[in-house]
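Chemist: These protein sequences, in sequence, are chains A and B. Just so you know, the first sequence maps onto residues 466 to 1176 in our numbering. Just so you know, the second sequence maps onto residues 466 to 1176 in our numbering.
Careful, some of the hints might be misleading.
[Stated by the list, open to error] Only pairs whose alpha carbons sit at most 30 Å apart, straight line, appear in this in silico DSSO-like list of lysine-lysine:
no. : chain 1 : residue 1 : chain 2 : residue 2
1   : A       : K592      : B       : K1066
2   : A       : K791      : B       : K806
3   : B       : K592      : A       : K1066
4   : B       : K645      : B       : K698
5   : B       : K791      : A       : K817
6   : A       : K806      : B       : K806
[As the list claims (entries may be wrong)] Between beta-carbon pairs, the in silico distance windows are:
no. : chain 1 : residue 1 : chain 2 : residue 2 : range
7   : A       : Q658      : B       : K501      : 12 to 22 Å
8   : B       : D798      : A       : A821      : 15 to 25 Å
9   : A       : N548      : B       : D798      : 20 to 30 Å
10  : A       : A821      : B       : N1125     : 20 to 30 Å
11  : B       : G474      : A       : G1008     : 51 to 61 Å
12  : B       : G1124     : A       : A1062     : 56 to 66 Å
13  : A       : Q685      : B       : D818      : 24 to 34 Å
14  : A       : V810      : B       : K869      : 32 to 42 Å
15  : A       : S1035     : B       : S1035     : 34 to 44 Å
Keep in mind that the hints were calculated from the coordinates and are not lab data. Keep in mind it's a predicted model, so treat the numbers as computed, not measured. Ideal Cβ positions, reconstructed from N, Cα and C, are used throughout, including at glycine.
The residues making up each chain are set out below.
Protein chains: 2
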Amino acid sequence: MQSYKLNNGVEGFEFGTPIDTGALLEKGTPEKIDFKEKMAVGKITTLEFELLPKDRIYGLGEHLGSMNRRGKRLRSYCRDEANHTEDKNELYGAHNFFVHVKEQEQTGFFIDFPGEVVYDTGFQDDKRFTIEIHGKDFRLIKIPGNSIEEIVSRFLQVAGKAYIPPKWAFGYFQSRWGYKDVAEINGVYERFQQEDLPLDGIYLDLDYMEDFKNFTVSRQRFPKFKEFVAKLKRDGVYLVPIIDAGVKIEPDYDIYEEGLAGNHFCLNAQGNPYVAAVWPGKVHFPDFLQSKTRKWFGEKYQFLTDLGIEGVWNDMNEPAIFYDEKNLEEAVDLASDCRGKNLNVHKFFELKDTFANLLNDEDYHQRFYHRIQGKKHPHREVHNLYGDYMTRAANYGLQKHLNKRFLLISRASSIGMHRYGGIWTGDNASWWSHLEENIRMMPSINMCGFYYIGADTGGFGGQCSGELLTRWLQFSAFTPLLRNHSALDTRPQEPYAFSQEVLENTRSILKGRYRLIPYLYSTYMKAVEEYQLFFKPLAFDYGEGYQEIEDQLFIGEEIMLAPIHKKNQSQRLVDLPEKMARITLTDQETEMSLAPAGPQKLSYDLDHLRFFLRENKMIPLGKSAKNVSKLSMKKLEVLAYITNQGEHVFYDDDGISLGNKEKNLMKIRIKSREDFYDIEVKNPHKELETIDFKIINDNGRIQKISYRVKT
Amino acid sequence: MQSYKLNNGVEGFEFGTPIDTGALLEKGTPEKIDFKEKMAVGKITTLEFELLPKDRIYGLGEHLGSMNRRGKRLRSYCRDEANHTEDKNELYGAHNFFVHVKEQEQTGFFIDFPGEVVYDTGFQDDKRFTIEIHGKDFRLIKIPGNSIEEIVSRFLQVAGKAYIPPKWAFGYFQSRWGYKDVAEINGVYERFQQEDLPLDGIYLDLDYMEDFKNFTVSRQRFPKFKEFVAKLKRDGVYLVPIIDAGVKIEPDYDIYEEGLAGNHFCLNAQGNPYVAAVWPGKVHFPDFLQSKTRKWFGEKYQFLTDLGIEGVWNDMNEPAIFYDEKNLEEAVDLASDCRGKNLNVHKFFELKDTFANLLNDEDYHQRFYHRIQGKKHPHREVHNLYGDYMTRAANYGLQKHLNKRFLLISRASSIGMHRYGGIWTGDNASWWSHLEENIRMMPSINMCGFYYIGADTGGFGGQCSGELLTRWLQFSAFTPLLRNHSALDTRPQEPYAFSQEVLENTRSILKGRYRLIPYLYSTYMKAVEEYQLFFKPLAFDYGEGYQEIEDQLFIGEEIMLAPIHKKNQSQRLVDLPEKMARITLTDQETEMSLAPAGPQKLSYDLDHLRFFLRENKMIPLGKSAKNVSKLSMKKLEVLAYITNQGEHVFYDDDGISLGNKEKNLMKIRIKSREDFYDIEVKNPHKELETIDFKIINDNGRIQKISYRVKT
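If we strip away everything but chain A, and leave its shape as in the complex, we get (with noise of 0.2 Å):
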């Protein structure tokens, strides 16, 4: 065993000779430090802690269930995973970063290793928290702190600064598997404008694409593709094409021919490039392991680039099997045996299930390798990077090409990946337990370095209501990443599928998402630059009494959310570990009043958005705008709730380049000083021109004051 010592007395210990995941920054200095975890190296690696009745466990990223971790059997092993019930040990990211919480203190760790890690935090056995690690090559990081905030924070800052997405990624995002053709997707476009609906772009899922052939767009159903991408974007709107992680064997595509020749395919046991089979039929996959592969593959992006496409989402790239050749066969030569016979129950459902299985088998990993500096790895070894390596590709070739921030998601991710992309929750349904998982998982990812995050509102798979898409963008009306997702053959889910009343309350809603872009975008913006969490647990704040508290939350230092996500609900309860301010905010108007500390019932219409602003803290809010181009900062609405005074930093840039070009950090202070407030604006936005300020105090008066900023 190797140690080093990172900054801020984080520790890094390197058992065997452990593949370089690029996961964090750096690998620390070596220092000799002893390790004093209980730990079994083996082909399989035991980790194991004890565990006391109070501990709990946060992290892990995303994975169903409770934030608090505690008791459940979860897996580090990226899947393609379309039905999200709460069995489920695994979805799309392999994110191995928690923190022990005890009751007199806590601990974080990060398990660096690119294969399966299966965490028993106290299932099998209450008092045990046992980690296997599938190798003997790993690199462990230990990191203490005094709260779990500052482990997260030195966590975050050994992992590396998330990548910052423009400001228009901050808008919201009409997509749905099955728009067919430019007229389609013209349609959306222009039904937004009818509706006005604000918009900032609309994904393209794999329909516009030649034969699900990446880096391709289909001239019958999106001629003239170019000038098309040239109007929307005029307007401010954004089209953003999905890539997915398998390249369509077919000869004279120039994807496959390149990838052939320039050697960049997976290869089988044999030698020859792995066949799977997935949306094109059989695809090779890329070696993403490969540089000379991510930077082929990255290259390749600039086909989009060229057609004005400024954001791209990488998919079922876990990567997503549907068959291969060898079980396909396995599984036609089971069903002819059982010709004409009467099956007894066992044999029915080794057969039903053999074609069941078929999709994502996990032994596909074990047929196909990668090369990494020249050795050959199977894929199960290094499974947990290929998604995360395709977006380090992608990240590559957009960011050459363009020079500028772009949008860029991926389904399958692992800690590293953070750096370059941001992820959505992927194939969630619309179901109200998933609405409350969306709340639950954000601080999870979160704390594993992802900010640009959220989940498909409104559900991908199923049918979703009126009621249901309301409520849902209630809450993600908060997340730096909104988007409408939703599956072929499901009910049309756009803001303007049900009825009036569901049009005008996501309309109000809608637009007080855009009021709160400039709030949103300067957390963000902080949050990164700060290594400070956007999401945060109530449990992080609050001791005792508030620990347990996971649909409610707090997005930055300011906001606490306490969102509907059960049905037919216009109330619900929700516990204040402090007073606070209860806004509400619609299109034109806002609201405050005060709500005491402690449980009390909260009234929550369709019609606005509405959360709580904590003491001696304020929040600004904008106009709302068609789209982000359009926002403008001449006007801000400050909302405080002053008892003695606060002070708001408030970031701003061009939202768009690289470095954070024209950078503001305007500092807005507020002091109560008997019958009236002291307001000070430090380096004032260059746009700005007025502040109305609403200033809240203890006993619930009231204070409107206008600020006219001086330049």
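Since chain A is already given, all that's left is putting chain B on it; use the hints.
Modeler: This is chain B only, laid out in the frame that chain A set:
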């Protein structure tokens, strides 16, 4: 259309020539009544109601989701649904009773129809409630009332008195699919004794049979079965075997031969017995819609009663069908076609889905026929009666051969069957959300006539944790049917299968249950006799502000439950519609304190039962015992919250005889008079010697009074 007047203003409307489903007790007296609803009769008859913003809908029995059924699409079509995700439109039961609640009035409806009925309660259009009845021959019952409860009670009166199980059926039952032989069952029994866990019985899943053949017992695995049954029964422990709907096709198997000879099986289009495959491989389905078949099959239960059995569960009686020969052959043909081909995505999913959809394909329902009074009916038309009528058959046979009460539950059901047996809610999973579903589902099912109900505690499918089992028991300690059941190959789920803490906590909870049995049994019997609900939503008693609460509910008139149904939570928010007494119950102890009206935090440890007692109400508690046969009535503890006066009627009988033999109605009156209480006990239970009263007043002062009953 014919119209009829029933009791209490209930109206009946008969359209076409309905099949007599036997759902209700009587048809009513012919009387001309206008039919005012909006209806279009046809191949599919549609009935339409306007929905106003505050309208709510309660009832429809066994469905997932909110108690207020508004905004859903729910289908009455019994289905073997193994995956209870919230998008599922149907489960095992078809319960066509609901109450439409408007701001100023409410009306109940029952659709007496044996085929498919689809309810769109404002999902497609939030202003319209549409019902599709798949036929033109049906009865419609309309029930007026001044409250939801009054409507429900009137419906229960026309539907007839519910099934009454023996008192021992209120005990705790252990079950597991996978207990393979008599040694294992005996091991479970002995372990319960060793661990001092109460137990009233063990369910036997299909492994007790010989090759899944109904009315057989495996000689190899269950030798000397009769002696074993007797041995356990001497100790007050009952064995409850399963019976499935399908009869194995096997020459010389008596049930098969008799069924053929007696013309008892459902026929295919050619008039031969229809062949489907279920657990035993190929089977025929008894045509339970023939009265001669019900009699024949009912008599077969004598095989079990002769062995000493007094309880049965009827399973797979939707009926579940794994495959039939036609579909299996088509699937195999499709697989053969795919051999060696490069399947594109559409072809691949067609192949995979074809095999998945073999299970319970509804096409099968058009391939077999019933004979009702000599007339042939496709199964589809009368599908929802199948499990119902199987259970009527079992009830007939068991009653005839036992001549006392027996335990009888069924998986499939429709209204009418409630007079013949209870239901468990089928193949749920070890998901926290299914505990919540259990809470929400109980009142909806109870409204439809079923009282002996409960879910598989701990969850049938998936991996249960000790915490989930414990929390689930804290709720199902109050459900009449209390069974812990789990599936083959899941984690063992007996109370002793986890840690020592889980064993101690569940023991304490189960003993608490046994202390509650006198109250629960009394409440059950009174509710059935008086056509009142055992489980009641808060919305039935309280208006605005409380009517949306769906994770708290009432038991009888006395108790309000507010169970914890989330992981890693030691407390939850509760909303009290009025001031109540908070009760904590363990094996030996009871604690009482006052809880104010309104939202508040409730701590709920894992080792006790905690619930609320309403004002001027009381509950009697017994002493726990190892099973119901050993419960003593010599001494009762009465917990009361009295601010003025309260009266409690306590029901008891011998718990086993038909016709409520030795029925006793004891009346306990407590009247608060300044500093003391007047206590009166009328018609005391014959075994009763002492009542220990613990009375809390409005100031939280507790008075203990030991009351010696004069007999």
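Chemist: Holds or violated: 12 to 22 Å for the Cβ distance of A:Q658 and B:K501?
Modeler: Because 45 Å falls outside the window, the suggested range is violated.
Chemist: For the range 20 to 30 Å, tell me whether the beta carbons of A:N548 and B:D798 fit it or not.
Modeler: holds (28 Å)
Chemist: Take the C-beta atom of A:V810 and the C-beta atom of B:K869, compute their distance, and say whether it sits inside 32 to 42 Å.
Modeler: Check passed, 35 Å falls within 32 to 42 Å.
Chemist: Using the Cβ atoms, figure out if A:A821 sits within 20 to 30 Å of B:N1125.
Modeler: Since A:A821 and B:N1125 have Cβ atoms about 51 Å apart, the given range 20 to 30 Å is violated.
Chemist: Check the hint pairing B:K592 with A:K1066 against an upper bound of 30 Å on the C-alpha distance.
Modeler: The given pair, whose Cα atoms are some 27 Å apart, holds under the 30 Å limit.
Chemist: Next pair to validate is A:K791 with B:K806; report whether the Cα-Cα distance is within 30 Å.
Modeler: holds (12 Å)
Chemist: Are the Cα atoms of A:K592 and B:K1066 separated by 30 Å or less?
Modeler: holds (27 Å)
Chemist: Below or equal to 30 Å on CA atoms is what counts here, so check B:K645 against B:K698.
Modeler: holds (20 Å)
Chemist: Does the Cβ distance between A:S1035 and B:S1035 fall inside 34 to 44 Å?
Modeler: violated (29 Å)
Chemist: Are the Cα positions of A:K806 and B:K806 separated by 30 Å at most?
Modeler: holds (25 Å)
Chemist: Determine whether the Cβ-Cβ distance between B:G1124 and A:A1062 falls within the hinted range of 56 to 66 Å.
Modeler: Once the Cβ atoms are compared, 59 Å apart, the range 56 to 66 Å for A:A1062 and B:G1124 holds.
Chemist: Given the hinted pair B:K791 and A:K817, is their alpha-carbon gap at most 30 Å?
Modeler: Holds. B:K791 to A:K817 sits at ~16 Å (cutoff 30 Å).
Hint check: violations occur at hints 7, 10 and 15; the rest are consistent with the structure.
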